[in-house]
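Undergrad: Using the sequences plus the hints, can you model the full thing?
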Amino acid sequence: MTAAIEMVDVLDEPKAIEGRSPFVLAVHRLRKDKVAMISLAVILLIVLMAIFAPVFTAITGHPPNEQYRDIGLTPDGLPRGPNGTFWLGTDDLGRDILVRIAYGARVSLLVGVIATAITVVIGVVLGLAAGFLGGITDTVLARLIDVVLSVPFLLVAIALVSVTGPSLTVTVLVIGCFSWASVARIVRGQVLSLREREFVEAARSLGAGDGRIMFVDVLPNVMAPVIVYTTLLIPVVIVTQATLSFLGLGLPPPTADWGGMISSSQNYYTTAWWFILFPGLALLITTLAFNLFGDGVRDAFDPRADRT
Amino acid sequence: MTTDVLLKVENVRKEFPTHSKEVVQAVAGVSLEVHKGETLGLVGETGCGKSTLARCMAHLYDVTSGSVTFEGQDITKLSRKAMRPLRRDVQVIFQDPYGSLNPRRRVGSIIGDPFAIHNIASGNERKKKVQELMELVGLNPEHYNRFPAEFSGGQRQRIGVARALALRPKLVICDEPVSALDVSIQAQIINLLADLQKEFDLTYVFISHDLSVVRHVSNRIAVMYLGKIVELAPTDELFSQTRHPYTRALLSALPVADPDTADSREQIILGGDIPSATNPPEGCRFHTRCPKARLDCAAEEPPLEAVLDDSWQHRTACFYPLTVGEDLSTAVPDLKAS
Chain A
110 MTAAIEMVDV LDEPKAIEGR SPFVLAVHRL RKDKVAMISL AVILLIVLMA
160 IFAPVFTAIT GHPPNEQYRD IGLTPDGLPR GPNGTFWLGT DDLGRDILVR
210 IAYGARVSLL VGVIATAITV VIGVVLGLAA GFLGGITDTV LARLIDVVLS
260 VPFLLVAIAL VSVTGPSLTV TVLVIGCFSW ASVARIVRGQ VLSLREREFV
310 EAARSLGAGD GRIMFVDVLP NVMAPVIVYT TLLIPVVIVT QATLSFLGLG
360 LPPPTADWGG MISSSQNYYT TAWWFILFPG LALLITTLAF NLFGDGVRDA
410 FDPRADRT
Chain B
796 MTTDVLLKVE NVRKEFPTHS KEVVQAVAGV SLEVHKGETL GLVGETGCGK
846 STLARCMAHL YDVTSGSVTF EGQDITKLSR KAMRPLRRDV QVIFQDPYGS
896 LNPRRRVGSI IGDPFAIHNI ASGNERKKKV QELMELVGLN PEHYNRFPAE
946 FSGGQRQRIG VARALALRPK LVICDEPVSA LDVSIQAQII NLLADLQKEF
996 DLTYVFISHD LSVVRHVSNR IAVMYLGKIV ELAPTDELFS QTRHPYTRAL
1046 LSALPVADPD TADSREQIIL GGDIPSATNP PEGCRFHTRC PKARLDCAAE
1096 EPPLEAVLDD SWQHRTACFY PLTVGEDLST AVPDLKAS
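So the protein sequences, as listed, match chains A and B. Residues in the first sequence are numbered consecutively from 110, following the numbering used here. Residues in the second sequence are numbered consecutively from 796, following the numbering used here.
The hints are simulated quantities; they were obtained by calculation from the structure and are not laboratory data. Warning: the hint list may mix true and false statements.
As the list claims (entries may be wrong) - From the derived model, a few chain A residues whose C-beta atoms are all more than 10 Å from chain B:
| no. | residue |
| --- | --- |
| 1 | L153 |
| 2 | T169 |
| 3 | P184 |
| 4 | V230 |
| 5 | I245 |
| 6 | D247 |
| 7 | A312 |
| 8 | S314 |
| 9 | L315 |
| 10 | T339 |
| 11 | G389 |
Claimed, not checked - The following label-pair restraints were derived from C-beta to C-beta distances:
| no. | chain 1 | residue 1 | chain 2 | residue 2 | range |
| --- | --- | --- | --- | --- | --- |
| 12 | B | D1091 | A | F324 | 17 to 27 Å |
| 13 | B | R875 | A | V133 | 46 to 56 Å |
| 14 | A | K141 | B | S1071 | 47 to 57 Å |
| 15 | B | G918 | A | T169 | 51 to 61 Å |
| 16 | A | F324 | B | E840 | 32 to 42 Å |
| 17 | A | L263 | B | N1074 | 52 to 62 Å |
Ideal Cβ positions, reconstructed from N, Cα and C, are used throughout, including at glycine.
TA: This is how it looks when you write it as structure tokens:
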């Protein structure tokens, strides 16, 4: 009996009216953006390549760090160009470049995502605190932001890595600890104006505390610029990681990573074009895809902004 | 009407620092009391300190000096934490129905905020209470999951009313609740507020710059000018026995539906602008624009007290209060020393 009544209720009740959140609307706009969608597809391909890197080993039969000094190098000891065995050629130690690019994607994406996440979390929390709490907190944090922004990042990174030795953790931490300041500055600026809005006063009149107002009322309103900045930050971080690797401060060999591959190709520009071209292309396509996707996200989340 | 005092404001001052060393005296020593069950209207020009006074009453601002007593407890010194339980009893309805609702949150979550903050109900119970409230204020409960941007101005103000009433407050401070709305919508919201007052035994402080609205809803009216109350009277008396020249000037500016009456009635046009609150005039703050100003008006500040044969219910801050029928349009200020 009760079941029957419930059945009727379900049938009679009109479908609950679901408002479309600004986020859902933005995603909707984004899905109509062809360039952004193609970029997203490229990004997904690269992610798949990273996840299924062992498949490349299985197909070619070449592990990423295996040195084929006999078949992978010319009799003069130079890298071999693209051929039936090594589709994208070999590097100076006779390793398969295709397999190493696939494994290198893991490093780039991992560093790109983790370092960006650290950056954004630190930046948002400190920016929120500075903008919302004001007073002495704001003064201290705003000065700290200025200091971090004016520190020559690369010099400090080089100094730090030369002390601790190169590793994935150090790379991620160095990037994370030096990039948050620009996020914090953006968030702080937004919060300063949001703080004066009447809905914040309304929350206060209901008895909400600072923490609740900051994270429940203010934070959702700064998420749009944060999401945009995040997507545009990932390619910057990937390039930074490659730069550190290029300078010999990335991952200890023989781990495959794009920056390191480009670095070791330096002496073979004239003799082995494939050695620099393919890792370079991988880096270029990845950052380009992220940047174009980031542009799409910005347009979708802020429809008023001019498309310049 | 009962005369139980619910909220008492005593000599409240609120000053804001400016970038130079001056201060803006937004509220410059106001005393009044709000009786249980009444609607106290608060009128005045833009910038006269009405909204600041309202925020002081709700302890959204710390007062510079003076005290606000709610049910016998001085709330001006309470910390934010100590104030929390009292927040349930004193609620505010804000002026801007666009700015006072968080654009990124669903309406159900906005109206449910009071329950969440005070840990009263959660989950399905909260949802049920929110939908009851939505029904109470004339919103479709099925719109629970919509965002504020999907509502009209009047509907948004209903959301604000629902949020303010969620915890069954004793005192609701309405800070220009209808000023941002179309006239036809204004009437709906005012009637809603009146119905809710009857149903839940609410006390209102109703702020507006629109005298006709205030007249319609209020039992008593306080007229503010430049941070001070110049006249405080039961609504009928304020209109029939206007004592303060500023009140009379405000009343004369009220639009009248009948053109014949409109042409023949007294028109008082005040000269000049409202003086700066950083540097208010000495003596009576209104003397620079008052048609009846005399030398002592500029020298001394008139206290807010019963004048002529008025009862204590009707208080006026004026040395030369108007009598019934006195013609103010021909009055000339005399500020020269004799």
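Undergrad: Decide, hint by hint, whether the structure agrees.
TA: Cross-check of the supplied hints:
Look at L153 (chain A): its CB is around 28 Å from the nearest CB on chain B, clear of 10 Å, so calling it non-interface holds up. Non-interface status of T169 (chain A) relative to chain B is upheld: no Cβ of that chain comes within 10 Å, the nearest being about 50 Å off. No beta-carbon of chain B is positioned within 10 Å of the beta-carbon of P184 (chain A); the least distance is around 67 Å. For V230 (chain A), the condition that its CB be more than 10 Å from all CB atoms of chain B holds, with the nearest at approximately 20 Å.
With a closest Cβ-Cβ approach of about 17 Å to chain B, I245 (chain A) is found to remain outside the 10 Å limit, as its non-interface label requires. Chain B leaves D247 (chain A) outside its interface by the beta-carbon criterion, the shortest separation being 17 Å against a cut-off of 10 Å. Once the 10 Å rule is applied to beta carbons, A312 (chain A) is inconsistent with being away from chain B; the minimum gap is 7 Å. The claim that S314 (chain A) lies off the interface is violated: its Cβ sits roughly 5 Å from the closest Cβ of chain B, which falls inside the 10 Å cut-off.
Here L315 (chain A) does not stay apart from chain B, with its beta-carbon only about 5 Å from theirs, under the 10 Å limit. For T339 (chain A), the condition that its CB be more than 10 Å from all CB atoms of chain B holds, with the nearest at approximately 17 Å. Residue placement check: G389 (chain A) keeps its beta carbon more than 10 Å from all beta carbons of chain B (closest about 42 Å). Checked against the hint of 17 to 27 Å, the C-beta distance between D1091 (chain B) and F324 (chain A) comes to roughly 57 Å, which is inconsistent with it.
As the Cβ distance of R875 (chain B) to V133 (chain A) is approximately 35 Å, the hint placing it in 46 to 56 Å is violated. Between K141 (chain A) and S1071 (chain B) the CB atoms are about 53 Å apart, so this pair conforms to the stated range of 47 to 57 Å. Look at G918 (chain B) against T169 (chain A): about 55 Å separates their beta carbons, and that is inside 51 to 61 Å. Distance hint check for F324 (chain A) and E840 (chain B): the Cβ-Cβ separation is about 39 Å, which falls inside the suggested range of 32 to 42 Å.
Restraint check, L263 (chain A) to N1074 (chain B): a C-beta distance of roughly 56 Å satisfies the suggested window 52 to 62 Å.
Checked against the numbered hints above, the structure violates hints 7, 8, 9, 12, 13; every other hint is satisfied.
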